[in-house]
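2 protein chains.
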Amino acid sequence: MPSDSKFSRSIELSKKNMVAVSLTSLSKEEFTNFIDSFDTVLTDCDGVLWLGNTVILGSPNVIIQLQEMGKRVFYVTNNSSKTRDEIVSKCSRLGYPATRDNILSTAYLTACYLQDIVFKKKVYVVGSKGITQELDAAGIKHLDVGPDPMCSDVASLLRNEVQLDKDVGAVVVGFDEHFSFPKMVKAATYLKQPNCIFIGTNTDEILPTEFPLTVPGTGTFVRAMETCTNRKAFKIGKPSPYVCEAIIKRHKVDPKKTLMIGDRCNTDILFGTRCGFKTLLVLTGVTTLGEVHQLEKSSNKEDQELVPDYYIDRLGDMLPLIS
Amino acid sequence: MPSDSKFSRSIELSKKNMVAVSLTSLSKEEFTNFIDSFDTVLTDCDGVLWLGNTVILGSPNVIIQLQEMGKRVFYVTNNSSKTRDEIVSKCSRLGYPATRDNILSTAYLTACYLQDIVFKKKVYVVGSKGITQELDAAGIKHLDVGPDPMCSDVASLLRNEVQLDKDVGAVVVGFDEHFSFPKMVKAATYLKQPNCIFIGTNTDEILPTEFPLTVPGTGTFVRAMETCTNRKAFKIGKPSPYVCEAIIKRHKVDPKKTLMIGDRCNTDILFGTRCGFKTLLVLTGVTTLGEVHQLEKSSNKEDQELVPDYYIDRLGDMLPLIS
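Quick mapping for you: the protein sequence lines, in order, are chains A and B.
All letters in the first sequence, in the order written, are residues 1 to 323 by UniProt numbering.
All letters in the second sequence, in the order written, are residues 1 to 323 by UniProt numbering.
Hint data in this document are derived by calculation from the structure and do not stem from the laboratory.
Fair warning: this is a prediction, and the values are worked out from it, not measured in the lab.
A hint or two may mislead.
The list treats identical chains as one, so a pair stands whether inside a single copy or across any two.
BS3-like cross-link-like pairs, simulated, lysine-lysine; straight-line CA separation at most 30 Å [to be verified]:
| no. | residue 1 | residue 2 |
| --- | --- | --- |
| 1 | Lys192 | Lys301 |
| 2 | Lys297 | Lys192 |
| 3 | Lys141 | Lys256 |
| 4 | Lys121 | Lys192 |
| 5 | Lys141 | Lys192 |
| 6 | Lys256 | Lys71 |
| 7 | Lys121 | Lys232 |
| 8 | Lys129 | Lys257 |
| 9 | Lys192 | Lys232 |
| 10 | Lys232 | Lys301 |
| 11 | Lys232 | Lys120 |
| 12 | Lys120 | Lys192 |
Construct the entire structure; sequences and hints are all you get.
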C-alpha cells in the first residue's frame, strides 16, 4: 500500500545517522549486532584493501574472516584500467580470495551497460586495455587504445592527422595515462553528434596512491571532456545508481542486509546511502576524519548523504573485534 | 555625490538593452550616433578578425576605416599561445595595422599580473612558448614547456620519473597541445601547496577554427586541473575583470566611450558588459544568433549580461555603412 511504504520509507530516512559512529567504540554486544545486521559486503579496493600495489596490512584477514562467517563479499571498484581477470590476480597476489563473479569493476560494468542498451556501433575509448578487453569479452566493437601523442603543430594536426571513423557511436572515457590533445579532439568531435553516447566510467577526481603526489583520476579526464563538449557523461561507477542496478540484476542482494565499505565519502559512502546500504568508512584512503566532522556539522542535505554510519581507522582494526 | 552617482548608475543599468539590435537595421542617423558614441575599440581576434590562419574577409577594411576615423583600436585576445610580437606579425600578415602597444594577450597579461604581485619564485607552465617568452620579457623565472609525454607505466612514472622543483611557487595553465598525464601530475602536486599560485590564462572551452572539428580550448585544460586539485584558478583573460584593470592601468580608456567587439557571448560580451562598454557581437565565430535569442528570452540576470547591445553577421558588413 502506497501510504504504508511511504511511511516506512520516512522512518528509514530519519534513521540515517547524522554522526558517524566509531566501530571501535562499540560494546561487544553492539558490535555483534552490527556484524549480524548484514549478510553481504561490498568493498571498495584502492584505499581500503590496497594502495597502488601495496597491501593495506590487516585488511586481508578481515575479508577472509568475514567470508568464513558466511558473508558474501563483492569487490566494487571504480578502477577502469583493469579487467576482472586482472583484478582477480591482484586480489590473489595480495591475499584476498576472489573469483571473476565477485568483481564489479567499471570496465566490466561499462560493457554490461552497452549490452543492456543493445549497442551495435563502435566505441571510441579514451582509456586503457582494461576497458577494451571487457568490450571484446562482450562482443562490442571499438577502436584501439594506447599512445596517440601530439607529433606536429596544431594546424597540421587539425588539417591532416585527425582520422575519424564514421561507425563510432559512443565515447567511453576512463582512466587514460596516455590522455592527449589528439585524443581530446577526436572524442570531442565524435560527441558533437547528439546521438553519440557519452559514458564516463567514474568521477573520482584523484587516485589514492602510496606516493606523495597528487595523481589525477578518471573524473578529471571526464570533466575535461564534459567541458569542451558542453555535455554530461552518463556515469557508470560509484556513486552512480547504475552499479546498484547491475548488482540487483545479477545477484540477489538485499540492500538492508548489505554493508558498503569505502575510503571516499563522495563516491563509496554516497553510493551506499543512495542504495540503502549500511556504510563503513576506513581512513586509509582519501577522506579524512576531519572532513567527516565537517560533513556532520553541515545542514545541507547533500552533505548529510555523505556521512557514513560507521568509521574505523583501518579495516584491519576490526580483526580483534571479530575474533 | 554618492546619491547622484547611484541614481545615474541605476539609469545606466536600466538602459542595458535586453534585445540585441542588428547594426544593419539602423537608420543612417542612428548609425552615425552609434559610431560617434565611442572613441576606443577593443576587438577580439579569433572569430572576429580571423579563423585560425584564415582572414575573415572584410574585417581588415573595417578596422583600418575605424582607425582612419580616429578610433583607437586594441586587439584583446584570450589566445595564450602567442607573444605580442607574434600577434603583431599575424595582424600585419592578415592586413590589420598593429604594434606591440595595442596588443592585450593573456600570455602578456599573465606576466603583467605576476609582476603586479611582485612574484619572485619559479613558474611551472602548462602551456607554450607564447607564455614563457612573455615571462622572460618580464624577468620572471619558469620551467621549460614542450612535450612531456608518458613513456612508461603509471607506477614507474610515479616512483621514478616525476622530478619536482622546490622553487616553483606558481602554476600557469594556458593552451597546451602537449597536455599530458605527467604534466597533470606535476601541476597538481605543486598546487597541493596552498600558497602555490594557480593561474588560468582564460576559460574558453573550445577554439574556433576553420576545421569541422571540436577543438578543446584552454578552459578545458584549466577545468581539468581545477578538478584534480579541488581549487579555482585565478583567471586572467576575458571575461575576468583583470583585463579591464590592466587596460585602465596602462591606457586612458573611458568605458562609456568604448566598444567591445567579439564572437562569444560568455567571454567577449560578458566582459564588455562587466566593464561598462558598449558591445557588438559578430556571427563569424562561436555564438549563433539563435543562442542570442535564447539569452534575450531568459529572465536570469546572468544570462541578460550576455546579451550584446548590437550584432552584425560579419564585421565586414559594417564597411558600406561607415563609407
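Each hint tested on the structure:
1. In the homo-oligomer, the alpha carbons of Lys192 and Lys301 lie at most 30 Å apart only across protomers (29 Å), although the nearest pairing inside one protomer, at 35 Å, exceeds that limit.
2. For the homomeric pair Lys297 and Lys192, the shortest alpha-carbon distance between copies (25 Å) is at most 30 Å, but the shortest distance inside one copy (43 Å) is not.
3. Taking the shortest alpha-carbon separations for Lys141 and Lys256, neither the intra-copy value of 38 Å nor the inter-copy value of 59 Å comes in at or below 30 Å.
4. For a Cα distance limit of 30 Å, the shortest separation of Lys121 from Lys192 inside one copy, 16 Å, qualifies, whereas the shortest one across copies, 42 Å, does not.
5. Within a single copy, Lys141 and Lys192 get their C-alpha atoms as close as 20 Å, which meets the 30 Å cut-off; across copies the closest is 40 Å, which misses it.
6. Taking CA atoms no more than 30 Å apart as the test, Lys256 paired with Lys71 passes inside one copy only; the shortest distance there is 14 Å, against 73 Å between copies.
7. Taking the shortest alpha-carbon separations for Lys121 and Lys232, only the intra-copy value of 21 Å comes in at or below 30 Å, while the best inter-copy value is 38 Å.
8. Within a single copy, Lys129 and Lys257 get their C-alpha atoms no closer than 35 Å, and across copies no closer than 59 Å, so neither meets the 30 Å cut-off.
9. Taking identical chains as interchangeable, the C-alpha atoms of Lys192 and Lys232 lie at most 30 Å apart whether they share a chain (12 Å) or sit on different chains (27 Å).
10. In this assembly of identical chains, Lys232 and Lys301 lie within 30 Å of each other by CA distance both inside one copy and across copies; the values are 23 Å within and 24 Å between.
11. Taking CA atoms no more than 30 Å apart as the test, Lys232 paired with Lys120 passes inside one copy only; the shortest distance there is 22 Å, against 40 Å between copies.
12. Proximity of Lys120 to Lys192 under the C-alpha cut-off of 30 Å is restricted to the intra-copy arrangement: shortest distance 19 Å within a copy versus 44 Å between copies.
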